[in-house]
Amino acid sequence: MAQLEDFNTTVTPTWCPGCGNYGIWNSLKQALSEMELEPYNTVLTYDIGCSGNMADKVNTYGFKSLHGRTVAAAMGIKIANPELTVIAIGGDGGVMEEGVNHLMWAARSNYNITVLMHNNQTFGLTTGQPTVTTEEGNPGKTAPLGIVENNIVPAQLALISNASFVAKTFAGNPKQMVKVMKSAVEHKGFSFVEFLQPCITFNKLNTFQWFQERVFDLAERKNYDASDWKRAFETASDVEKKIATGIIYQDKKSIPYSQRLVQRKGEKKTLVEEVKEYSIIQMIREFE
Amino acid sequence: MKQTFSIKIGGSAGQGVKTSGYILTKALKDLGYWTFSYSEYPSLIRGGHSTFQINVADKQIGSITQRFDILVALNDETIEKHHEDLNRKGLLICDDNRVIKPRVKKSLDNKGIQILVIPVDEIVKENNGQPVMENSVITGAVWSMLTKEFKVLENQLKQIFGKKSKDIETNIKCAKDGFKVVADQYFVELKQLKGSTDRIIGTGNEVAGLATYASGCRLYCAYPMTPSTGILQYLASRTDKTKMIVKQAEDEITAIQMAIGASFAGTRSACGTSGGGLALMTESLSLIGINETPLVVFNSQRPAPATGLPTWTEQGDLEFVSRAGHGEFPKIVLAPGDINEVFELVPQAFNLADKYQTLVIILLDKYLSESWYQAKRFKDGKIKVSRGQILSEPDLANQLEFKRYKITVSGVSPRSLPGSKGGVYLANSDEHDEKGYSTEDLYARKQMMDKRMRKYGGIISELPEPKLYGPEKAKTTIICWGSQKGPIIDALEKLNNGKSRINALHYSFVYPIEIETIKRYAKRNKLIAVENNYSGQFAKLIRCETGIDIKTRITKYVGTPFFKDELVEILKTKI
Ligand SMILES: Cc1ncc(C[n+]2csc(CCOP(=O)(O)OP(=O)(O)O)c2C)c(N)n1
Ligand code: SF4
Ligand SMILES: [Mg+2]
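The listed protein sequences correspond, in order, to chains A and B.
Following the working numbering, the residues of the first sequence are numbered contiguously, the last one being 288.
Following the working numbering, the residues of the second sequence are numbered contiguously, the last one being 575.
Hint data in this document are derived by calculation from the structure and do not stem from the laboratory.
From the three backbone atoms N, C-alpha and C, an ideal C-beta is built for every residue, glycine too.
The reader is advised that the hints may include incorrect statements.
What the hints assert, rightly or not - Below, in silico cross-link-like pairs of lysine-lysine (DSS-like), each with a Cα-Cα straight-line distance of 27 Å or less:
(1) B:376 <-> A:276
(2) A:188 <-> A:268
(3) A:269 <-> B:421
(4) B:421 <-> A:276
(5) A:242 <-> A:182
(6) A:276 <-> B:243
(7) A:276 <-> B:523
To be verified - Computed footprint of chain B on chain A, listed as stretches where at least three residues anywhere in the stretch have a Cβ under 8 Å from a Cβ of chain B:
(8) 36-47
(9) 264-276
Unchecked claim - Here are some, though not all, of the chain B residues that point toward chain A, as calculated from beta-carbon distances under 7 Å:
(10) 186
(11) 214
(12) 218
(13) 233
(14) 236
(15) 239
(16) 250
(17) 283
(18) 429
(19) 439
Kindly generate the complete structure, drawing on both the sequences and the hints.
Here you go:
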């Protein structure tokens, strides 16, 4: 059984000291080992960004795609081999901007993958331009006079795209991160997890302390019912004063994409195992 | 008896021009004749003007002619637009609602063209049919001018309408009454010939789909775009039999990313599109260049720039495709010339992609994708899947340390598939070391670039020579590639007329190019490039790779392929 250390590589992280990514990185490895996953049957896909720079720091099969494409590549990997655990990692720039269509489609198709979005509300790697999640009062390098567009709340978008699992967790709360990630990966269907991730270098507003003062855990609310979509949407929308974290929505009865395909009913093999020459004797008749 | 002739059917979109043409094509094959059928239609659903042309011969053909012998008009526009291209002593078949202007009538009479008017409405009414069945009446009437074998047509009507409509009996009655309008008077009299039972009819897209399946590809991803959509639809409509996953993705970027992801996971996957879609995929082509994932991409060309002429044909993307993707990385571009070559090259494309862990683009175009070719039935069991260097778990267990991107002499490094113990690695879009980890060590960068580019050595060493058609001794040689093979070969016979005047070298491996053959020919022959694009893109590539400048370039870029008779006329002046 793989231990947390088995998910380490020889490469040391290059994030700024104090960056929220450190906590996410450790919790991810913790969650993988607690789920008894092995480096060889787990695939992490990555985007381009500070979050994507985690790519050579976790010892699993990895696929670092282009900017915005982490989710799209993950969908293909999962379709080819449903026996793999597939987790797509990306930033708010990659997942909510360059590749936002993939997020919506992965959600509506209910591929059995998990998307982990590191939301630092900025383009970290390109040194601090505003993103779609940047708050109005926090202009970045390319909007010195202020942001004139409205922002988008990621969990809302995931919910209206029919994601069957939506959660939010704070990079300053390792226990919650591990718990949420485990539930997300174990969920049968598409899971979206947003990390509230402080970027200490380019986001001076949404700091660890700023989040600390606002977050609360839905798990502590006895009467919160995560299967109630309307309630979930209200909860996801209410980010003015307090920010709800934990599992916001889960449809436990959701049927993942591969099980919905009529032609794959009862097929035991994966598409990987099925590669061989196929006879055309039957098919060629239609051409006669 | 004349056995080489052509029929053009014209009408507005939605009138069933294509259905009639297709039924006649299949019936002609059943009668024992070789056919080539090509359709033109506008990019809209109703109205507009569409045509279907069938060229008939007593041997295999791959082209249509500009001029034809029989014109079947389902609307007035057809007569107006196409009567001038009717050959002398030809035949015009239309229904009794058509208006033939006196000017047109005079010109038809001058050329000795017979006009056959069919009381279509009356026949449909007598049979209690629907207006759409006018089509069957006309089809029957056309057939009556060709042969007395009604049964052959009836069989095809049953096959084609049997699937779609409950009114099959009425359709057959309509066709039969259309057939009876003219008795025992033939335009050409075709007898039932033997030997066509081992032949097939298919479009390039259908055959591309068939060959993709046969090659063991298990995931096909695409976003619909004419003229490549036929591959997607063919494969999608056969998944009950093939058990493949055929994915209409949300856009072309998703289609290719899914296909790359699936290939990384270890299955065979492919995606398909047309020029505009390929432009969207371009960044991902470059991703394949660096992470060395095998992939086959179909690109069926249509006239561009931009949306261009969506439903017409051109060989306009060769330059784009051979250069597509930022940076430098090995790639292979194949351009089959007909459905036989599609069936041959698609499996090779998958094997080459696996062998060199690289990108293989298959260039089709509207002409090849959507024309109906007739060919000898493909042999089953010919295709061999060869997956290149994939390490199994025992192989991996034997390695001290697995390095996915190991520097090798061939440039190809054995790969592992996710799920295999001992094979963990990172497929990285950043420049990386042998393990896949990002590096900005510039020596490592050079080593990795050199390794990847060394694959070209192997690729070039296995490039086949272009195929020679026509008399070897001829002093003039046409240089051509891809889909225009049919019109060019068909024109050769007429041009040579028993002498050795002109031959043709046809390339289906268009990038990289095998250069020795053309060097030999350039020394002793006059070269003429014939290309279905504006500038002679293949000729430009040849000049770039060999310094040989083919000055005579016959190009065409108006949305239609080269017509055989048109090409004969142009080439006559160049020999
Ligand atoms: C096609 C493309 N456009 C732009 C870039 C430049 N780029 C790299 S990372 C990035 C944004 C990263 O922001 P985010 O996804 O939020 O990740 P973070 O660095 O904040 O973790 C951009 C714009 C790129 N690599 N590729
Ligand atoms: S720039 Fe921000 S997100 Fe990137 S490493 Fe530094 S603190 Fe982390
Ligand atoms: Mg960010």
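Practice problem: Quickly compare the C-alpha distance for residue 276 of chain A and residue 243 of chain B to 27 Å and report which way the hint goes. | Solution: Status holds; Cα separation ~13 Å.
Self-check item: Agreement of residue 188 of chain A and residue 268 of chain A with the hint, judged by alpha carbon distance not exceeding 27 Å
Solution: At roughly 18 Å apart (the allowed maximum being 27 Å), residue 268 of chain A and residue 188 of chain A satisfy the hint.
Quiz prompt | chain A contact restraint on residue 214 of chain B - CB to CB distance below 7 Å | solution = holds, 5 Å
Quiz item: Is the Cα-Cα distance between residue 242 of chain A and residue 182 of chain A 27 Å or less?
Solution: Satisfied, since the Cα-Cα distance of roughly 24 Å is no more than 27 Å.
Quiz item: How about residue 218 of chain B: closest beta carbon in chain A under 7 Å, or not?
Solution: With a minimum Cβ separation of about 4 Å from chain A (threshold 7 Å), the hint on residue 218 of chain B holds.
Quiz prompt | Given hint residue 283 of chain B near chain A, where the shortest CB pair must fall under 7 Å | solution = Because about 6 Å separates residue 283 of chain B from the closest Cβ in chain A, which is inside the 7 Å limit, the hint holds.
Self-check item: chain A contact restraint on residue 233 of chain B - CB to CB distance below 7 Å
Solution: violated, 13 Å
Quiz item: According to a criterion of three or more residues whose C-beta lies within less than 8 Å of a C-beta of chain B, is the stretch 36-47 of chain A covered?
Solution: holds (count 6)
Practice problem: With chain A as the partner, please determine if residue 439 of chain B meets the hint condition of a C-beta pair closer than 7 Å. | Solution: violated, 9 Å
Quiz prompt | Distance restraint between residue 269 of chain A and residue 421 of chain B, which requires alpha-carbon spacing of 27 Å or less | solution = holds, 19 Å
Exercise. Have a go at the residue 236 of chain B hint: is there a Cβ in chain A nearer than 7 Å to its own Cβ?
Key: violated, 10 Å
Self-check item: Given hint residue 239 of chain B near chain A, where the shortest CB pair must fall under 7 Å
Solution: holds, 4 Å
Figure legend: structure checked against the earlier numbered hints; hints not met, in rising order: 7, 10, 13, 14 and 19.
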